[in-house]
Amino acid sequence: MNAALEGKVYPDATFTVDEQRVALFRQAVGEAGPVVPPTFATVAEFAVMPFIVGDAELGLDFTRVVHAEQEYEWHRPFRMGEALTVRSRIASIRQKAGNGFLTIETEVRDQGGDLVVVARATMIERAA
Amino acid sequence: MPQTAFRFEDLAVGDDVLSVSRVVTSDDVKRYADASGDQNPLHQDEDFARGVGFPGIIAHGMFTMGHLATSLTDRLGDPSGLKRLAVQFRAPVFMGETIVAEARVKALDPRTRTAVLDVWVRVERGGTTEYPIRKSEAVVGFAES
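Protein chains in written order, with this note's numbering: chain A, 1 to 128; chain B, 1 to 145.
Honestly, the hints are just simulated from the structure, not real lab data.
Errors might be hidden in some of the hints.
Claimed, not checked - Among chain B residues calculated to face chain A with C-beta under 7 angstroms, some are:
no., residue
1, S19
2, Y32
3, M62
4, L76
5, L82
6, V87
7, A91
Quick reminder that beta carbons are idealized off the backbone N, C-alpha and C, glycines included.
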């Protein structure tokens with residue numbers, strides 16, 4: 001993993017809180033109510049994640065990756081059908097005992113530019 | 001433990017306020033992969049999982065976190081009550097296991113009507129308790145009652 005990429009910002013992605021996708025997600029996480037589950041934020045993160053995982057410059061070996069930590073700060077609930085903008089950046093890259101630690105911070109904003117949720121995902125690229 | 005939504009006034013530091021079990025199946029995990037977009041083969045392909053040192057496929061950390069978050073918001077009766085959730089993934093979850101999401105009140109702020117909860121997810125495995133999620137924290141807010 002290329003530690004020089006700390007701070008890299010990936011291109012914005014647009015993301016819609018799609019009713020069918022929400023229904024599938026709700027079923028998967030066992031939410032019985034009519035709400036958009038707060039961790040639907042993960043789906044927004046995955047609007048950009050493939051571009052990070054597939055970033056040749058970063059050189060992450062996804063076959064050795066495990067998810068170590070996850071944090072969400074919700075500023076307001078998701079609204080069904082709304083369009084959101086997702087921006088991810090590499091917040092930090094660290095090496096410890098041969099393992100690589102990658103933290104990605106993702107901001108999800110509404111069309112007015114207001115924050116909906118901030119996500120921080122830390123992944124470990126285990127020593128080969 | 002009350003079964004109705006919690007009220008801020010009913011909480012005291014040290015109270016155990018949540019215990020929600022769920023059996024994890026490969027169908028659930030496949031559904032989660034499709035719903036979330038996380039198609040890492042570690043969660044779907046037995047041979048791949050064994051090839052990287054696990055005895056079989058494991059659930060996504062986010063599947064387990066999703067169970068925790070959903071259990072909390074169902075208990076709150078209000079998805080907007082969950083303000084922050086920060087977790088550490090410390091052990092895998094295998095198919096067929098029962099995960100239990102639990103929470104204990106750590107701090108209360110009556111001025112902002114906010115509670116900080118210690119949260120974890122445990123699984124009983126081979127006579128010991130493992131913690132797929134531990135040393136983790138939720139911040140929940142309560143509307144004026």
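Here is how each hint holds up against the structure:
For the restraint placing B/S19 at the interface with chain A, the shortest Cβ-Cβ distance is roughly 15 angstroms, beyond the 7 angstroms limit, so the hint is violated. The restraint placing B/Y32 at the interface with chain A holds, with a minimum CB-CB distance near 4 angstroms, inside the 7 angstroms limit. Because the smallest distance between the Cβ of B/M62 and any Cβ of chain A comes to about 5 angstroms, under 7 angstroms, the interface hint for this residue holds. Nearest Cβ of chain A to the Cβ of B/L76: about 10 angstroms, over the 7 angstroms cut. The hint is violated.
A hinted interface residue such as B/L82 counts as satisfied when its beta carbon comes closer than 7 angstroms to some beta carbon of chain A; here the least separation is about 5 angstroms, so the hint holds. Because the beta carbon of B/V87 sits about 6 angstroms from the nearest beta carbon in chain A, less than 7 angstroms, this interface hint is met. Checking B/A91 against chain A by beta carbon gives a least distance of about 11 angstroms; that is not within 7 angstroms, so the hint is violated.
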